[in-house]
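Taking the hints into account, I'd like the entire structure generated from these sequences.
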Amino acid sequence: TDPGDFSVVDLGTYTAQSGNQVTISLDVDNQFEVAGFQFWIEDSPDLLTTLSASTTPRSEGFTLDFNEQPDGSVIVVGFNLTGGVISVGSGPILDLNYQVAVVTDQQTVNLNMLEFYLGDSVGGQIPAFSENGSVIITTGPVSGCTDENACNYNPAATIDDGSCDFDSCVGCTDSDATNYNPDATID
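Read in order, the letters of the sequence shown are residues 36 to 222 in this note's numbering.
Don't read these hints as lab results, they were simulated from the structure.
Ideal Cβ placement from N, Cα and C applies to all residues, glycine included.
Derived DEER-like restraints, expressed as beta-carbon distance ranges:
1) T58 to D211: 28 to 36 Å
2) F114 to P217: 19 to 27 Å
3) T139 to Q73: 33 to 41 Å
4) L149 to V123: 21 to 29 Å
5) F114 to L149: 14 to 22 Å
6) Y215 to N187: 19 to 27 Å
7) C207 to Y152: 28 to 36 Å
8) D222 to Q104: 34 to 42 Å
9) G39 to D106: 29 to 37 Å
10) T48 to G118: 30 to 38 Å
11) S198 to T58: 17 to 25 Å
Quick look at the structure:
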C-alpha cells in the first residue's frame with residue numbers, strides 16, 4: 036500500500052475561554068472523493084458539550100447529524116443524498132461547535148478520534164488515518180488574531196496579539212482553473 040494513498044483526518048489544537056464556546060474544524064486531506072463519513076470523537080476529560088455540527092464549503096450539500104453519547108463523546112455522520120462528493124483536496128469538511136465547561140484552573144482537553152470512516156461513492160472505505168487534537172481551556176483572556184478577514188482568525192481570541200496573516204490562504208479557489216490552489220480560502 037502506498038502511504039500517499041492515505042487520507043488524513045486532523046482534529047487540530049484550539050484555545051477557548053472557560054464558559055465560552057469553541058468551534059473545532061475537522062480538516063481532511065483526501066486523495067479520493069469522499070461521498071460519506073462518520074466520526075466518533077471523545078473529549079477527555081469531558082469538559083465540552085456538543086451544540087451543533089455544520090458543513091463547510093468543501094462539504095456543501097451534505098446532510099449532517101450528530102449525537103452526544105452518555106460518556107460525553109460525539110458521533111457525527113455526513114452524506115449527500117444527491118450523489119455529491121467532497122472533492123480531492125485539503126481543508127475543513129466539518130465544524131463542531133462546543134460549549135466549554137466553566138473551570139477554575141487551565142485545563143487541556145484531549146480530542147481523541149475513537150473510530151472514523153471515510154467512504155467513496157459505492158460505500159467502499161477510503162484508506163485513512165487520524166491525528167488527535169486538543170482544546171486548551173483558559174481562565175483568562177485568549178490571545179490571537181481577532182480580524183475576521185485574516186487567514187488565521189481565531190474567534191475565541193479576546194486580545195489581538197498582532198499575529199494576523201493575510202497571505203497564506205490567498206489563491207485561486209476555482210477547482211477547474213489551471214492555477215487552482217486547494218489550500219486557498221480567499222480568491
